[in-house]
Amino acid sequence: MSEENPHVKAREFSVLYRDRPAVKKVTLSIVRGAVTAIIGPSGCGKSTLLRAVNRMNDLIPGCRTEGELLLDGENIYAPGIDVVALRRRIGMVFQKPNPFPKSIFDNVAYGPRLHGRLTRQELAERVEQSLRRAALWEEVSDRLHTNALGLSGGQQQRLCIARALAVEPEMLLMDEPTSALDPRATTRIEDLIAELRGSYTILIVTHNMQQAARVSDYTAFLYEGDLIEFGPTRDLFTRPREKQTEDYLTGRFG
Amino acid sequence: MPVHWERAVESLKRQILSLGGRVEESLRLAVHAFLHRDADASRRLIEGDTELDLREVEIEEECLKLLALYHPVAGDMRFVVAILKLNNDLERIGDLAVNIAELTLEWDRTSGAYSAELARMAEQVQSLLKKALDALVHRNAILAHEVRQADDVIDDFQRRAEERLHEAVREGRADRVETLVAEWNAAHQLERVADHATNIAEDVIYLVEGRIVRHHPEPR
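Sequence order for the protein chains is A and G. Just so we're aligned: 35 in the working numbering is position 35 of the first sequence, and the numbers increase by one with no gaps anywhere. Just so we're aligned: 127 in the working numbering is position 127 of the second sequence, and the numbers increase by one with no gaps anywhere.
Please keep in mind that the hints were generated in silico from the structure rather than gathered at the bench. Among the clues, some could well be false.
What the hints assert, rightly or not - Among chain G residues calculated to face chain A with C-beta under 10 Å, some are:
{"#": "1", "residue": "Pro2"}
{"#": "2", "residue": "Arg7"}
{"#": "3", "residue": "Tyr114"}
{"#": "4", "residue": "Glu209"}
{"#": "5", "residue": "Gly210"}
To be verified - Using C-beta positions, here's what the derived DEER-type ranges look like:
{"#": "6", "chain 1": "A", "residue 1": "Arg234", "chain 2": "G", "residue 2": "Asp49", "range": "54 to 62 Å"}
{"#": "7", "chain 1": "A", "residue 1": "Asp217", "chain 2": "G", "residue 2": "Glu218", "range": "54 to 62 Å"}
{"#": "8", "chain 1": "A", "residue 1": "Glu138", "chain 2": "G", "residue 2": "Asp49", "range": "53 to 61 Å"}
{"#": "9", "chain 1": "A", "residue 1": "Arg241", "chain 2": "G", "residue 2": "Lys85", "range": "18 to 26 Å"}
These figures come from a predicted structure and were not determined experimentally. Quick reminder that beta carbons are idealized off the backbone N, C-alpha and C, glycines included.
Please put together the full structure from these sequences, using the hints given.
Here it is in structure tokens:
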């Protein structure tokens with residue numbers, strides 16, 4: 001993990017919804033292989049910033065960006081960027097688990113089948129490998145062909161992570177990945193994030209500050225679209241530099 | 001969190017300041033009893049120490065409760081951790097006051113006058129402790145840094161107490177030796193009080209500035 005060679009770099013990056021800025025001139029570097037958390041009160045722009053990284057906001061009418069958002073030095077918003085290729089490099093996990101109404105196997109095989117030229121054997125290997133990485137294999141290996149909707153919420157979320165991993169992305173975006181889960185399932189996802197760290201760059205939005213403290217290496221605090229403070233999680237949670245960060249972390253506003 | 005938390009913090013603050021006040025009083029009584037060879041007052045002080053010990057445990061339990069229930073971060077976390085640590089230093093200062101009281105009982109057969117230097121040292125140590133506690137009350141890192149700087153002066157006092165004894169021995173002043181041994185012992189206890197006051201000041205600096213300054217000398 002090196003800070004010199006950021007995986008993603010935002011330079012004076014803004015996202016505007018019909019000229020109303022949701023993210024304002026944010027500059028920050030996301031370290032390759034590290035877990036970076038974005039925290040802040042509701043409506044501060046944290047999901048907007050997260051979604052900007054794989055251009056999920058493109059679909060929203062009137063949404064546009066200013067400044068630069070670079071993935072490996074290349075502007076994600078440059079004309080001619082292949083958005084489908086971009087999203088293959090950057091997987092996404094949502095707040096609510098959203099498995100397809102298909103078998104466990106088919107859920108995980110979905111991406112590779114769509115993109116790829118894998119043989120049956122290779123596909124089976126990819127599915128197993130992805131389920132193992134998502135720490136779900138042991139629980140489902142004997143019922144791969146049953147419907148994914150029969151899994152518990154926590155298992156469904158891990159399935160969605162396996163599905164994202166199956167296309168071998170370099171980065172994972174997680175938008176409140178545990179907010180719909182009970183504490184036990186939450187712990188499993190947090191453990192999983194710790195496992196995936198190093199192999200993938202992870203950007204996670206969370207409402208749960210303790211979760212940000214537990215799982216992330218770096219934390220960004222956004223407030224009303226401004227990046228107030230960004231730094232190593234340890235420093236932010238023990239001695240924040242900005243009073244606004246201190247007030248938010250200690251529950252004095254937001 | 002804030003309303004609950006603020007209430008819990010206020011109560012913890014009251015507890016620690018009350019303990020601080022009791023410890024200051026205990027030290028004052030111990031010094032006074034020593035200088036005036038007051039055995040009764042010393043005995044009372046030794047008996048009273050159990051209560052300080054109980055209070056220390058109460059405060060520790062309160063801090064642990066706050067950590068477990070509120071998971072404080074940033075300044076709130078530093079506050080609880082600082083209290084947890086300086087609570088221990090206050091209790092130790094209480095023990096040192098007891099040591100001084102015990103010295104009074106142990107050396108009550110001596111009768112020679114204690115030197116004015118010892119009284120001055122005791123005064124300065126007490127004012128250091130007061131300053132450290134003021135730094136805590138007002139979250140004032142400047143006062144805390146001043147406490148750290150004063151530590152050398154206290155060390156000098158102790159060294160001179162030792163020299164006074166050696167001088168009396170060299171000069172064959174047998175009549176002075178016992179008194180000066182008692183005095184040197186008391187100076188040693190006072191010097192340790194100053195060390196704990198310094199620890200308290202360092203915890204206040206951590207609380208205010210978020211820096212651990214222990215083992216780093218003050219810039220002059």
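Each hint, compared with the structure:
Nearest Cβ of chain A to the Cβ of Pro2 of chain G: about 5 Å, under the 10 Å cut. The hint holds. A hinted interface residue such as Arg7 of chain G counts as satisfied when its beta carbon comes closer than 10 Å to some beta carbon of chain A; here the least separation is about 13 Å, so the hint is violated. For Tyr114 of chain G, the suggested interface contact is broken, since its CB lies about 46 Å from the closest CB of chain A, more than 10 Å. A cut of 10 Å between beta carbons decides the hint on Glu209 of chain G: the least distance to chain A is about 8 Å, and the hint holds.
Because the closest C-beta pair between Gly210 of chain G and chain A is about 3 Å apart, less than 10 Å, the hint holds. Between Arg234 of chain A and Asp49 of chain G the C-beta distance comes to about 40 Å, which lies outside the given range of 54 to 62 Å. Taking the beta carbon of each, Asp217 of chain A and Glu218 of chain G are about 34 Å apart, not inside 54 to 62 Å as hinted. About 58 Å separates the C-beta atoms of Glu138 of chain A and Asp49 of chain G, a value consistent with the hinted range of 53 to 61 Å.
Here the CB-CB span from Arg241 of chain A to Lys85 of chain G is close to 24 Å, well matched to the stated 18 to 26 Å.
Checked against the numbered hints given earlier, the structure breaks hints 2, 3, 6 and 7 and satisfies all the rest.
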